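Please build the complete structure, drawing on both the sequences and the hints.
Residues 3 to 196 in the working numbering are what the sequence shown lists, from first letter to last.
Source of the hints: derived by calculation from the structure; they are not laboratory data.
Please read these numbers as outputs of a predicted model, since none were measured by experiment.
Even glycine gets a Cβ: it sits at the ideal position worked out from N, Cα and C.
Computed spacing ranges between beta-carbons, pair by pair:
{"#": "1", "residue 1": "Ser24", "residue 2": "Gly174", "range": "13 to 23 Å"}
{"#": "2", "residue 1": "Lys183", "residue 2": "Pro59", "range": "30 to 40 Å"}
{"#": "3", "residue 1": "Ser24", "residue 2": "Val70", "range": "19 to 29 Å"}
{"#": "4", "residue 1": "Asp42", "residue 2": "Pro163", "range": "29 to 39 Å"}
{"#": "5", "residue 1": "Asn71", "residue 2": "Arg149", "range": "24 to 34 Å"}
Pairs of lysine to aspartate or glutamate, EDC-like flavour, derived with a Cα cap of 20 Å:
{"#": "6", "residue 1": "Lys20", "residue 2": "Glu39"}
{"#": "7", "residue 1": "Lys148", "residue 2": "Asp16"}
{"#": "8", "residue 1": "Lys20", "residue 2": "Asp42"}
{"#": "9", "residue 1": "Lys20", "residue 2": "Glu160"}
{"#": "10", "residue 1": "Lys183", "residue 2": "Glu160"}
{"#": "11", "residue 1": "Lys183", "residue 2": "Glu194"}
{"#": "12", "residue 1": "Lys20", "residue 2": "Asp38"}
{"#": "13", "residue 1": "Lys20", "residue 2": "Glu43"}
{"#": "14", "residue 1": "Lys148", "residue 2": "Asp58"}
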Amino acid sequence: MNVGVVSDTHGYFDPRLKELFSGVAAILHAGDVGSDEVLDELSRIAPVHAVMGNVDPDSLGLPLSRTVNFENTQVEIRHALAIPQSELEEWSDIQLLGKMQPARRDAFLWGLEPATRVVVFGHSHQPCLLAIGNRLFFNPGSAGHKRFSLPRCCGMLEVFPRGVRGSMISLGRHNERLPAKIWLPLSESTEEPS
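This is the structure in structure tokens:
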């Protein structure tokens, strides 16, 4: 099952999303949607699960976080993490949450349900795809108008009965460097599907 992942559109719907997300089972939007029109366009492609971002108006009626399940894989969507993304990237080398100091581990896990396997977030406009412990952390970057020197992108989450694979899709120049695909198995003996 394929699930489109997008964030930080800030009121701009990139028409390429129609083709890129064609055939997906659902679309996850990690906040800073910007307008009802973006949600309307996305919902013409597939059902949308969106959360409120820090600049979204209350009139959008979006929750601050949302949990959805695909193929028995629990996915949590929130706009921002309880820790800076730079710290998250540092922890990706640790692999085991047990090696962290308890105070930092508590901040890292703040609000995550134990069954959550994938955390989709946004806010920083910086694409991020990390497997830490038994979770995949996925920031699809920004699909809105280009800001700063950050790449414009979105993502795809492939959900299998045996695991999940996240990947980035460039919406800008083809030579933009994006995080690689990541496979997260449900058990240690599970091989990545081709």
